[in-house]
Amino acid sequence: MRSLMLSGLSFALTAAVIGNAYYQKKQFYPSVVYITKSNPSMAVIYIQAFVFVILMGKLLRKIFFGQLRAAEMEHLIERSWYAVTETCLAFTVFRDDFSPRFVALFTLLLFLKCFHWLAEDRVDFMERSPVISFLFHVRVWSLLIFLGLLDMYFVNHAYYSTLLKGPTVQLVFGFEYAILLTVVAMTFIKYVLHTIDLQNENPWDNKAVYLLYTELFMGFTRVVLYICFMIIMIKVHTFPLFAIRPMYLAIRSFKKALHDVIMSRRAIRNMNTLYPNATEEELASGDNVCIICREEMTTSCKKLPCNHIFHTSCLRSWFQRQQTCPTCRLDSTTCLEDIRTDGLSNRELLNTLTLTRTQLSKHRLARIRSLPSLFTSLFCCVTGGQPSAAPSTTGPPTSTSTPAASPSAGAAAATPPYPFVPSMPMFMPFGFPPPPSNLSGLSEEELRTMEGSERANVEARIQWLRDIQALLDGAMVLIGQYNQVAASMGFNEWNPGSTSFPRGTASTKYRHKHSDRCTHLEAAPPRQCGPKEHYQTRYSQFFCECVIYHFSGLEGATGFTAPREMEVPEWEDPREEEHEDEMHEVRRRRLQRFSQDHPSGNTDNLDLD
Amino acid sequence: MAGSALKRLMAEYKQLTLNPPEGIIAGPINEDNFFEWEALIMGPKDTLFDGGVFPARLTFPPDYPLSPPKMRFTCELFHPNIYPDGRVCISILHAPGDDPMGYETSAERWSPVQSVEKILLSVVSMLAEPNDESAANVDAAKKWREDRKQFEEIAKATVRKSLGL
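Read top to bottom, the protein sequences are chains Y and B.
Going by the UniProt record's numbering, the first residue of the first sequence is number 1, and it counts up by one from there.
Going by the UniProt record's numbering, the first residue of the second sequence is number 1, and it counts up by one from there.
No lab work stands behind these hints, which were simulated from the structure alone.
Quick caveat, the model's predicted, so the values are computed rather than measured.
All C-beta atoms in this analysis are idealised placements derived from N, C-alpha and C, irrespective of residue type, glycine included.
There could be a bad hint or two in this list.
What the hints assert, rightly or not - Ranges of calculated distance between the beta carbons of each label pair, as one might list FRET restraints:
#, chain 1, residue 1, chain 2, residue 2, range
1, B, 163, Y, 42, 44 to 50 Å
2, B, 75, Y, 167, 33 to 39 Å
3, B, 142, Y, 198, 48 to 54 Å
4, B, 142, Y, 280, 41 to 47 Å
Claimed, not checked - As a list, the in silico DSS-like pairs of lysine-lysine whose alpha-carbon atoms are at most 25 Å apart:
#, chain 1, residue 1, chain 2, residue 2
5, Y, 62, Y, 113
6, B, 70, Y, 256
7, B, 7, Y, 303
What the hints assert, rightly or not - Residues from chain B that keep clear of chain Y, each with C-beta distances beyond 10 Å, as calculated:
#, residue
8, 21
9, 23
10, 90
11, 126
12, 146
Make the full structure from the sequences, and use the hints.
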């Protein structure tokens, strides 16, 4: 209403001024000269021109946008204030060129800027509204083409005028319109992406990624343009104060785009490598609504280690912001990365996780609690010895076991299996709290907290179990080889108690049926005894070190205590007595070769056969 | 098909319309734009704000539900956890990154699991039990803590005002 009155007033004033001039001079040219000479008349004319520009703007707005929404209007006014301030700052730089034409150009620029912002807002609005009419598309198309052509014309004009007349204020316009051209391009790409998305029945998963890359590219272009502008302006005129704010904004948005792209790439990589796709049964079994978008999950879903399933695209956009499970906020990357640093490949990791999950989903707690004890007993069966419980803070170095494990296949296969005595029940009472008999009595929250801590425990345990497995392989090779050597030498058992141990395991006791054979060993000639005793010592040392490492490492796991007193199963190798005579000869020959080949007792070459 | 934010908001709107929680009405102001909602919250029974009906406005970001919406009461509400300008200060409305009060754990913050319904329910419980430890309106918190009588009077006046009495 007020604006209507103001423009009416302006029209009336103009009519009065023109009427007055014409009344005084009676002719066209003298009246024009009269008006241009009279300052008050010119002021009225300028105001009228301004009113015309505004009316023109309103008309164009009506054509291209229809009614503006409140948010758009707010946005527009807020940005216009900054733009006006910057224009005023620009006037100070170019005060020598100050002329009505110059002001008109700046006003035009301001208007075009407003239209660019509105176009941006409109295209963003596409994502927000459920109804996009045909008129909307027509408007956006025509507006973008119109703005693009104008921008290109002005850039072109500025370029040629700079070439012809040298650097003037046109330089500023050229850069401003070039920036606006990037806005048009960005808006157009967004519009195309949104339109494609609207045409599709299903949500377009990759749209967000394309948008990110577009933003990155456009941000980069803008930053480059601003930097060029700054450099040129500093060389030609002075420091362009008016360009500081938009430049800062451009740099900030570019930085944000870069950060987003990096985070998005990381999220995609993590999802592809770390998390398995949810299977059909998993999707069918539970409530299959993705908690992020509240849509049903049918295809391309990912399952996190905490058992929660999401759409791949939803999860990606969330991981771009935060690396936690949206449901339970379990930090899904940190625990995975801990395992990965221990040298496991992604494939192995996946297997481990799948294993963990299936175990978790079955008899969760009971299974978890019995796992370490099962492996402890197994380990004791294999070694036939009592693991020392020497406390040590150092973790189990996985690398120790690898050289020993490598030649395992052949040697282990050649050795007949030992008569293991399964002694599992014996170890059950040690160290493990019994699993709660009835889980149904616990509340949902209690169960969840329990799950959280149990999961960490299981992960720690599985890691140790892997190490144990590697060491077990190594131990099997060593036992096999020792046995072969021992068999060929005529004594078939060793007594670690008779050799010195580096880690204070003197209390370790091994009971053996054939311990009297050790006297035979002492009676053997020293030339033969040298190397074999060396080997024997090395084997047993290594072996005990493995054991110590293992159980000291396991001590760290929550809820695990290494068994301290254990009955050691008795066992023997039945082969030796049957083949003793035959082997005597073989043994003698081997020892000869042995002392020739390995005078230094090089333990690295363990494959004696 | 429309964007995922829009779809989710439409789903939530449907859910809230079909199955409205007690004392809460919420929906888009204009169905052309699903990112601006109006909510009417009834003061919880047997509390200071019993009987009042408080209008609020919810503004959703384009990347909802990855970022939280903003909520502000459009009526006057003297409450320790509501800024004098009407903005609501509850932890689930804060994005995990920023921590205006410096004491919330990330577990209390926004996550896509939250929804409009949960936000409004938390606001209702916030009306019932003000938390004066992290005050958005320090005056209100001080009154609440030190001069409960006067706080009650102000609350009653607010209720009357909200009903247009």
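Hint check results:
no.: 1; hint: 163(B) <-> 42(Y): 44 to 50 Å; in the structure: 59 Å, violated
no.: 2; hint: 75(B) <-> 167(Y): 33 to 39 Å; in the structure: 57 Å, violated
no.: 3; hint: 142(B) <-> 198(Y): 48 to 54 Å; in the structure: 52 Å, holds
no.: 4; hint: 142(B) <-> 280(Y): 41 to 47 Å; in the structure: 59 Å, violated
no.: 5; hint: 62(Y) <-> 113(Y); in the structure: 17 Å, holds
no.: 6; hint: 70(B) <-> 256(Y); in the structure: 22 Å, holds
no.: 7; hint: 7(B) <-> 303(Y); in the structure: 23 Å, holds
no.: 8; hint: 21; in the structure: 17 Å, holds
no.: 9; hint: 23; in the structure: 23 Å, holds
no.: 10; hint: 90; in the structure: 17 Å, holds
no.: 11; hint: 126; in the structure: 22 Å, holds
no.: 12; hint: 146; in the structure: 35 Å, holds
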